[in-house]
Amino acid sequence: MCKRVACSVLHSITHPRNTQHATRNTYHGSSASKGLYKQRMSEITVTLRYYNIIKDAVGCAGETLALPAGTTPTEMIVFLCQRYPHLRPIALRADGGLSPHLRVFLNGQVARPQHLAAPLHDGDEVMLFPAIGGG
Amino acid sequence: MIYKGYRGKYLRINLTTSDIQVRELDPSFAERFLGGNGFGTKILWDEVGPDVDPLGPDNRLIVATGPLCGTLMPNSGRLEFIAKSPLTGIYGDANAGGFFGPELKYAGYDMLIFEGRAPEPVYLCIEDGRVELRSAGHLWGKLVSEAEAILEAELGRDWKFATVGPAAENGVRYACIQVSYSRSAARCGIGTVMGSKNLKAIAVRGSGDVAVADVADFKAIARDCIRRIRGNEFYPGVHRYGTPGLVVLMNPMGRFPTRNFQEGSFEYAEEICAERLRERYLVRDVSCFGCPVSCDKVYRVTEGEFAGTLIRSVEYETLGALGAGVWNRDLPAILYANKLCDELGMDTISAGRTIAFAMELWQHGILTSSDTGGLTLEWGDARLVHRLLEMIAYRRGFGDLLAEGVRRAAQAIGRGAAEYAMEVKGMEIPAQDGRAQKSMGLAHVTSTRGADHLKGFPIIDETGYPAEGLRRYGEDYMPDIVEPLSYRHKPMLVKDGEDFGAVVDSSGNCKSGGTFVFAEIYWPDMAAAIQAATGMEMPVERLKRIGERIYNLQRCYDVWHGISRADDRLPRRFTAEPSPSGNARGQIIELEPMLEEYYRLRGWDPVTGYPTAAKLRELGLDEAIARLDLL
Ligand code: SF4
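Chains as they are written, first to last, in numbering that gives the first Met the number 0: chain A, 0 to 134; chain B, 0 to 630.
Hints listed in this document are in silico derivations from the structure and should not be mistaken for laboratory results. Any given hint could be a false lead.
[To be verified] Per label pair, the in silico range of CB-to-CB distance:
#: 1; chain 1: A; residue 1: G107; chain 2: B; residue 2: R156; range: 24 to 30 Å
#: 2; chain 1: B; residue 1: G619; chain 2: A; residue 2: P112; range: 41 to 47 Å
#: 3; chain 1: A; residue 1: H85; chain 2: B; residue 2: V285; range: 22 to 28 Å
[Claimed, not checked] Some residues of chain B that are not near chain A, with every Cβ distance over 10 Å (derived):
#: 4; residue: I149
#: 5; residue: E316
#: 6; residue: Y393
#: 7; residue: A430
#: 8; residue: F456
#: 9; residue: E576
[As the list claims (entries may be wrong)] In silico contact screen, one side only, chain A against chain B (beta carbon under 7 Å); selected entries:
#: 10; residue: T44
#: 11; residue: A68
#: 12; residue: G69
#: 13; residue: T73
#: 14; residue: F104
#: 15; residue: L105
#: 16; residue: F128
#: 17; residue: P129
#: 18; residue: G132
#: 19; residue: G134
Glycine residues also receive a C-beta, built at the ideal position from the N, C-alpha and C atoms.
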């Protein structure tokens, strides 16, 4: 599902003038986050880009996601792991915390722990990389 | 009696006289310098002084394996080539994977030392105890694959080759040695030295084995390392995409040099990345000897002008140097350029960077068509890159100047060209912009072979290694030690990497596998493996001292050749022009405070940059004190 939808989304990202294929996926979340959703009342849209084995696990190169306002990158990644089970062993530790090897870039900048715990904003772009390194 | 893990013999080949001697390996030599990189360093120090022309017969070409090479230890198929570099005029080495190193040991030899110059082109043929120099007149001038195909037809199957191409024959200062066609001992013009000796190839086939001292212990250590490498979080990504997987990560970091380091991000990075390579062109995953990682891949271009290009071992560095560095977004054209470099026998990094340098000079009007023989050096002209690579390899026209490398070309051009020469100590800078990761900036400067990421290979502050940073260095150094934009504590990281890297490169192990990229196999594992393989008592402190000894002797070699603190510098672009790119935007490299701290940790004189007599005495390098007049 993701592959078909998100590839057209990525196409629209790569070619900004070609927006007719853009499709949003909405994060309805768990019952707890549904509560959160109601409280927050509003929605933001975040663009995701997946790389390397994360792209393989998710099945596409990117997508846009509608999220409850106030959602943090960490919460979003936990949601993504529920939605894409193959992502879980890459992105999360056994105890459910974020893997220290996961690289998150927020609007082109390295997301440090404080950014991962702060609310995302409408229009943010998040890049996700698995453990890769070297030169 | 030599320790286990070694074959205990090496060959000294005088190419001038065709005299070949089999020598015994001295156990105390192994105790002090371990193997590979250490062996070559000591031989260069003993035999090749400042008066020796790197391209003259008195230079040595040392081909050295280590005690783990060819054993069950994972990632242990590497070997070292060492010589005085014709590119930098100082210590030079290059490392290659594949199968040649293990085969050399199976033939019975730990090392080859070439001296002199053959009157006519030759190749060395080694089959166990049978060693002979044979005419290579029919191979001279051939591309690498052509030469190896002829050798295979003559010798039969199962031979391993180390071969140079036309670039080495023609004295291009950054020619490489191709190891069984696709693996490159790339840097420092190590192939140029081989070509200058009229040595076209080395062919080896062996039927022996490598005995280890404690079989049960060694097996257990190797098994444990394999298990940990396979279970390491870096394994899946590196296995599946290899080093090209770094393109898309380094790009937002601002560490992916673009247009000769004018930027650190390439807006078309996703058109030249590993994901696209795999999706469109992958044939299969391949591996070096005894390696569970298989970071290596075979690709075939299936469409367009370059359809049919079949290539192995495409690396991040090449996608940088022949892609973003020259603003080339045409992936098949990059693969074809890579293939040209492999066939002609040239380091893709130095070749690509030299072309990028010329393109920037064109951009600023320093070079014009009267300098280039009518060529227009526009960014992104992939066909021009192909044409220039051939002109360089055969030293034709404008290619003759570029064959000299960035530093010499800048000196010859004058007119302010040196301002854009992205080199350190004469070596072109790889695809690692240190403004995005401060430790890399320092590593380029303190590398004993000139600009280089692989000597210090600091990865802990690449952002993906917080757990390893904490485990290795402790709470006191967090978070700076894992923060790419902080320069604090980075000298410690670089020094540790240089010493550990000297050991890894001396043992026959690979830095792209468990040791550096996975940050899994560290000092205690290497010490245990070397002890079990050789039977040498090897507590961690002793191994650390060996690494430090090797690195200090390389520095002494450079000092002997006139290197001092004044040469420990970066191009102005890195220290004065803030990066415009990605996570590095606004950053420069704070070199001076890092260097101060680095010299202090090394025990080197902060004014001269020389190792102090006290440090050399501590490392058992008293011989260097008098030679360098350090008393
Ligand atoms: S990690 Fe890659 S380069 Fe190193 S030995 Fe394995 S396949 Fe070769």
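Against the structure, the hints come out as follows:
As the Cβ distance of G107 of chain A to R156 of chain B is approximately 51 Å, the hint placing it in 24 to 30 Å is violated. Range check, G619 of chain B to P112 of chain A: Cβ separation about 45 Å, and the 41 to 47 Å hint holds. A hinted range of 22 to 28 Å for the beta carbons of H85 of chain A and V285 of chain B is consistent with their spacing of about 25 Å. With a least CB separation of 35 Å from chain A, I149 of chain B remains clear of the 10 Å interface cut-off, as annotated.
Not every CB of chain A is more than 10 Å from the CB of E316 of chain B (nearest about 7 Å), against its label as outside the interface. For Y393 of chain B, the shortest C-beta to C-beta distance to chain A comes to about 31 Å, beyond the 10 Å cut-off, and the non-interface label holds. Listed as a non-interface residue, A430 of chain B fails to keep its Cβ farther than 10 Å from every Cβ of chain A; the least gap is roughly 7 Å. With a minimum CB-CB distance of about 7 Å to chain A, F456 of chain B fails to clear the 10 Å threshold, and the non-interface call is violated.
Distance check on E576 of chain B: its Cβ is at least 20 Å (rounded) from any Cβ of chain A, clearing the 10 Å threshold; non-interface status holds. Contact between T44 of chain A and chain B, as hinted, is not supported at the beta carbon level, the nearest pair being about 20 Å apart and thus beyond 7 Å. A hinted interface residue such as A68 of chain A counts as satisfied when its beta carbon comes closer than 7 Å to some beta carbon of chain B; here the least separation is about 25 Å, so the hint is violated. For G69 of chain A, the interface hint is violated, the least distance from its beta-carbon to any beta-carbon of chain B being 25 Å, above 7 Å.
About 15 Å separates the beta-carbon of T73 of chain A from the nearest beta-carbon of chain B, more than 7 Å, and the hint is not met. Look at F104 of chain A: its Cβ gets to within about 5 Å of chain B, closer than 7 Å, so that hint holds up. Residue-level restraint check for L105 of chain A is violated (minimum Cβ-Cβ distance to chain B is 10 Å; threshold 7 Å). At a threshold of 7 Å, the smallest CB-CB gap from F128 of chain A to chain B is about 5 Å, leaving the interface hint in force.
Interface hint at P129 of chain A: satisfied, since its Cβ lies 5 Å from the closest Cβ of chain B, which is below the 7 Å cut-off. Below 7 Å, beta-carbon pairs count as interface contacts, and G132 of chain A has one with chain B at about 5 Å; its hint therefore holds. Here the hint on G134 of chain A is kept, as its CB sits about 4 Å from the closest CB of chain B, short of 7 Å.
Violated hints for the displayed structure, listed by number in ascending order: 1, 5, 7, 8, 10, 11, 12, 13, 15.
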